[in-house]
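K.L.:
Could you build the full structure based on these sequences and the hints that come with them?
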Amino acid sequence: MTARPTIGVLALQGDVAEHTHVLEGLGAHTVKVLSVDQLDAVDGLVVPGGESTTMSKLAVRYGLLDPLRKHVAAGMPVYGTCAGMIMLADRVLGGTADQQTVGGIDMTVRRNAFGRQTESFEAGVRIDGIGTDPFDAVFIRAPWVESVGPGVTVLGSVPGPDEAGRIVAVRQGGLMATSFHPELTDDARVHRLFVDIVKGLE
Amino acid sequence: MATNASNTSDNAVGTQRVKRGMAEQLKNGVIMDVVTPEQAKIAEDAGAVAVMALERVPADIRKDGGVARMSDPDMIDGIVEAVSIPVMAKVRIGHFVEAQVLESLGVDFIDESEVLTPADEAYHIDKWAFTVPFVCGATNLGEALRRIAEGAAMIRSKGEAGTGNVVEATRHMRSINGEIKRLGTLDEPELFGAAKELRAPYEIVKEVAGLGKLPVPLFSAGGVATPADAALMRQLGAQSVFVGSGIFKSGDPARRADAIVQATLHYEDPAVIARVSRGLGEAMVGINLDELSESERYAGRGW
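Chains as they are written, first to last, in full-length UniProt numbering: chain A, 1 to 202; chain B, 1 to 303.
One thing to keep in mind: the hints can contain errors.
Partial selection, computed: residues in chain A whose CB lies under 7 Å from chain B [what the hints assert, rightly or not]:
| # | residue |
| --- | --- |
| 1 | Glu51 |
| 2 | Glu122 |
| 3 | Ala123 |
| 4 | Glu202 |
List of simulated lysine-lysine pairs, DSS-like, C-alpha gap at most 27 Å [unchecked claim]:
| # | chain 1 | residue 1 | chain 2 | residue 2 |
| --- | --- | --- | --- | --- |
| 5 | B | Lys181 | B | Lys196 |
| 6 | B | Lys213 | A | Lys32 |
| 7 | B | Lys213 | B | Lys196 |
| 8 | A | Lys70 | A | Lys199 |
| 9 | B | Lys181 | A | Lys32 |
| 10 | B | Lys206 | B | Lys196 |
What the hints contain is simulated information worked out from the structure, not anything from laboratory work.
For every residue, glycine included, the Cβ atom is placed at its ideal position computed from N, Cα and C.
P.N.:
Set out below in structure tokens:
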């Protein structure tokens, strides 16, 4: 892998610019991905936060869903935040009837699990692989991971509304997902972990 | 799992970052006015990023006259139940009790809107006092910055709602972005002068001058009726587009909603805009602005 990887940000909807800003700050070359040609040209991909139903519909409409699945199957590193986590989930609870995902991570994700916007919150969360300092994680109408398969590593959890631990960060091979939005903070540690995965260092 | 949970501080709700972060998630999308759960489903199916729940679209508010207020909670609940995407709702300018009611209903965003009849002719709502985020309209940069100072997490151009005429939205987008560009050329003493002219806090004026954009997302609203209108707003710098009467006052709402979503995404690709504009059926009947008297214009509401 080159020292300066090209990382795409899926630009169907959501906070694309914020991810681009963090990735560029880490020395990656970034491109907005809206077409199969653009997807074919990147070393790794970020699926941003936004509305997962909107993203899913647009991915189907523009013929991106199958190419995304193929790249994931072929081992392309992909990092999903919030809606992006839902897009990477093999199974989704609380979505719309026709909601399709790219899949790839053997997990069941519950959409809007932490509640509506008035219940959105920020909290310090310890994330494995980025050092011991807690990450100031911003959760916006966030999903959580209800269960994971044996190949999935849990990187972080928070207490849910019922005080039971809820998984909010996972990794399976080159695929990574967080319920929260590191791109909304100045802390680049989670993105750095992903860039290292793309570079083949992790 | 309980032992594995490792957040290290109490959860903080309603912070500036949580509110503005919500607004960021709605970028590159379309927010549609809906008056029934059925319309909300059509909007969701077309790929709207959120719906605005209200009793009457602005075109009908114009036609019916009288005092326009917050919608019936039953009606808002019905729409919240019908869709899984975020739901917004409108309150009158300055009517902080309507806002308290909407917050208690669990709406995801409140629009303190000039489309409804203002409840206070001197003050807008203190939006910092709420957990739910607010969007406010603006016709120029000073107005936008005053709203941000009051705690707005998103700004939209006011345009002239319910007219199907995009000219005022264009004027407001050009004005806001033109004034932001001008701030970038000013030195320190001039920024103090600019704050005075804009009637906005110096700290926010300085922040905007440094960023070259607002510290919150800037969306566009007020008169968008066609896919090309939506793309126009995007090319003028709007990060997302609100469509009010334009969709459900047209001949084929589902198709038009879908077309506007596509044009908003591919706003720089005329071939896509052309394709989705074909055979859309009738657009809403528009109103020329010179047919509206001062008292019929909503954009002047707000201070």
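K.L.:
Out of the numbered hints, which ones does the structure contradict?
P.N.:
Of the numbered hints, just 4 does not hold.
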